[in-house]
Amino acid sequence: MTDKLLQIRDLEIRFKRDEKTVYAVNGIDFDLCRGEVLGIVGESGCGKSVTGYSILGLVSGLGGRVTSGSIRYYREDEVVDLASLDAKSDAIRRIRGNELGMIFQEPMRSLSPVYTVGEQIGESVRLHLGLNRKEARERAIELLRQVQIADPEQRVDAYPHQLSGGMRQRVMIGIALSCNPKLLIADEPTTSLDGTIEGQILQLLRDLRNELHMSILFISHDLGVIAEMANRVMVMYLGRIMETTDVKSLFADPLHPYTRALLRTNPSLAPEPKSTLTVIPGSVPEATEEIAGCPFASRCDAVMAKCSLKRPLPFEPKKNHIVECWLYE
Amino acid sequence: MNEEAIEPMDPALLEISGLKKYFPIQKGIFRRTIGSIRAVDGVDLVVQRKETLGLVGESGSGKTTVARIAAGLVQPTAGSVIFRGGGREVDMTRMTSKERKIAWRDLQMIFQDPYGSLNPRMPILETVGEPLIVQHGTKGNVLREQVIQLLERVGLQSSHAGCYPHELSGGQKQRVGLARALALNPELIICDEAVSALDVSVQSQILNLLVQLQKESGMSYLFIAHSLSVVGFMSDRIAVMYLGRVVEVARSEDLFNRPLHPYTEALLFNDPVPDPAAARKRRVLKGEIPSPANPPAGCAFHPRCPYATEPCRTKSPRLEEQEPGHWASCLRWNEISLEGRQ
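Note that the protein sequences, when read in sequence, are chains A and B. According to this note's numbering, the residues represented by the first sequence are 4 to 332, in order. According to this note's numbering, the residues represented by the second sequence are 4 to 345, in order.
Don't take every hint at face value.
Unchecked claim - In silico SDA-like pairs for lysine to any residue, Cα to Cα no more than 20 Å straight-line: (1) A:K313 with A:E293; (2) A:K313 with A:D13; (3) A:K19 with A:D89; (4) B:K318 with B:E338; (5) B:K318 with B:E342; (6) B:K289 with A:P276; (7) A:K7 with A:D32; (8) A:K251 with B:R285; (9) B:K218 with A:K19; (10) A:K251 with B:A281; (11) B:K218 with A:P274; (12) A:K277 with B:N260; (13) A:K277 with B:L212; (14) B:K289 with A:Q151; (15) A:K309 with A:P320; (16) A:K277 with B:E338.
What the hints assert, rightly or not - Negatives, chain B to chain A, calculated, CB over 12 Å: (17) G60; (18) L76; (19) T96; (20) G165; (21) L201; (22) G235; (23) R254; (24) E323; (25) E342.
The set of hints was computed from the structure by calculation and includes no laboratory data. Ideal Cβ positions, reconstructed from N, Cα and C, are used throughout, including at glycine.
Construct the complete structure from the given sequences, taking the supplied hints into account.
Below is the structure:
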């Protein structure tokens, strides 16, 4: 890993909700390289989105706190620990929205309804690149063309409500790309889109990555989308990373009982219609208690006595295939 | 178990014919009608007894409107929905509220959003028991016992009867919705995106439950979802909708292995499969889904269709039985060879 862009160590994120502590992310380590698409997959409440937000310093805005750990971001000439920066500091503002871009699930909610798309893309480039109004508009048109919106000269003056869901997501991608980010954090970017439109947006993201050589942290609950987009995948459950490996190994040879179960429950892999799908019993528990052992122990079909007592170490039974499970001790 | 084919003479449980629903587009302070959204534009479908008919399509395809009309919740612009449940034969589109109440003994609906479809101020006992109270006047301990039986049937415990919706997880709420739908032993349950909001691990539990309940009680499902994998798993037959019309109907395996409509092929390509090798094969469809207020002339799919030729722009194809039990509305179905899952 020579060309590291991001190095996260021992990251812990906590939220306060109704007097209770929510243990959202519980000591995770991972690296992200330049040009890589790293997928994070998991069910709701596994901490995948919060991990993405923490890189941008947005956790405090959601009422959470990074309680320990480091997020080292490798710039050209220096290394910055993003976790140590204040969410409103100039230092993080220079990086967020400039070198680090983000797109969200719900494009309508993340765009302002009262500004045209041109103004919204323009705001970012005027702020970060210091362009004037006219240059910003030209850059906006150029970006709309880059995200393959037809008639960019007209669309630049459209308001978000005049665009379809797919086009709004293209505008969001345009804003995220406006300052040539090194890393794009994509949080469920196609979840609210229809199948044929989802295909278009995924294709666009792949093209842009190849064109601009940026890294993508691709967050999704959908194993199918992850299979299509990621080079490497992390599977998360209740704030921990269960398994990390390259995309081929993950799907061909999953090692963690949770990953195996997730794949088996997928109806598209059922041997025949109306057969009995394998299920994971119960549901994802609320993360309101600190878990001493493996967080999946209560639902695991290969559980051992040790599992609920001691947190599994990251084992590497195969090269570059890391799994936090006592089965591989 | 005797699972032989349904006799062709057996009248269908649900028969949707010539169904249309136009929503007016109004403008100005006098609400002048300036056009209409053709949400459903001529749909014919049947659901046989003990069968699951899957209905897939993207947003704006009209699948939810079809479901709501079939349940008697929305009045169509034209067409009929004949429901033959409970030994009666009724048209769901032309009935008094009293008749509708009777029909709902045999036809129930479950919805996507388990949060929005349960009354937050009603304990589960009342939510599940309400159909029994309204229809049969069940009360007291009898009601309680019946509700507990229903809860156990859907994998919940008797202790859940006293809970309120906010105390339950998403999967548990969907089980409550299902228990309520089952209360009157219906012959048809219309499931509108019933598992779409659930996490995958919970989704498979609910799918298994739906399959198991059907095997036990022999009811039919009209199963609506946007995910082809989910619909393929649940359904005996599948109907694909695009812009208010059915473009293809076939037995599930035929639809997956040998699609006859280019739109079905596109849906198959764009359904994410958890297999990196298959995923890279995805072929992307051009263009946006047109607005049902202004559908394209000719075949509504022609602007996005990779196989469209000149006649497709002007001539509107009809849904016809191209192969036994396999209906498709494509002018060129015979000239093109489409790729299925295998």
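Now for the hints, and whether the structure bears them out:
As the CA atoms of K313 of chain A and E293 of chain A are separated by approximately 12 Å, the hinted pair is consistent with the 20 Å bound. Between K313 of chain A and D13 of chain A the CA atoms are separated by roughly 17 Å; this keeps the pair inside 20 Å, and the hint holds. Restraint check for K19 of chain A and D89 of chain A: the C-alpha separation of about 19 Å stays at or below 20 Å, so the hint holds. With a C-alpha separation of about 16 Å, the suggested pairing of K318 of chain B with E338 of chain B holds against the 20 Å cut-off.
As the CA atoms of K318 of chain B and E342 of chain B are separated by approximately 24 Å, the hinted pair breaks the 20 Å bound. Using a Cα cut-off of 20 Å, the hinted pair K289 of chain B and P276 of chain A is violated, with the two alpha carbons roughly 31 Å apart. With a C-alpha separation of about 14 Å, the suggested pair K7 of chain A and D32 of chain A falls inside the 20 Å cut-off, and the hint holds. With a C-alpha separation of about 17 Å, the suggested pairing of K251 of chain A with R285 of chain B holds against the 20 Å cut-off.
Straight-line distance between C-alpha atoms of K218 of chain B and K19 of chain A comes to about 46 Å, which puts the hinted pair past the 20 Å bound. Distance hint between K251 of chain A and A281 of chain B is fulfilled; the C-alpha atoms sit about 11 Å from each other, no more than 20 Å. Of the pairs offered as hints, the one joining K218 of chain B and P274 of chain A holds, with about 18 Å between alpha carbons and a cut-off of 20 Å not exceeded. A distance of roughly 17 Å separates the Cα atoms of K277 of chain A and N260 of chain B; the hinted pair therefore holds under the 20 Å criterion.
Restraint check for K277 of chain A and L212 of chain B: satisfied, since their Cα atoms lie roughly 10 Å apart, inside the 20 Å limit. The suggested pairing of K289 of chain B with Q151 of chain A holds, with an alpha-carbon distance near 11 Å, which does not exceed 20 Å. A C-alpha spacing of about 19 Å is found between K309 of chain A and P320 of chain A, which places the hinted pair at or below 20 Å, so the restraint holds. Distance hint between K277 of chain A and E338 of chain B is unfulfilled; the C-alpha atoms sit about 34 Å from each other, more than 20 Å.
The non-interface label for G60 of chain B is inconsistent with chain A: the shortest C-beta to C-beta separation is roughly 9 Å, within 12 Å. No Cβ of chain A comes within 12 Å of the Cβ of L76 of chain B; the nearest lies about 24 Å off, and the non-interface call holds. A cut-off of 12 Å between C-beta atoms confirms that T96 of chain B is not in contact with chain A; the least separation is 28 Å. Every C-beta of chain A lies more than 12 Å from that of G165 of chain B, the closest at about 20 Å, which supports listing it as non-interface.
Residue placement check: L201 of chain B does not keep its beta carbon more than 12 Å from all beta carbons of chain A (closest about 9 Å). Residue-level check failed: G235 of chain B sits 6 Å from the nearest beta carbon of chain A, not beyond 12 Å. A beta-carbon of chain A is positioned within 12 Å of the beta-carbon of R254 of chain B; the least distance is around 10 Å. Distance check on E323 of chain B: its Cβ is at least 24 Å (rounded) from any Cβ of chain A, clearing the 12 Å threshold; non-interface status holds.
Chain A leaves E342 of chain B outside its interface by the beta-carbon criterion, the shortest separation being 15 Å against a cut-off of 12 Å.
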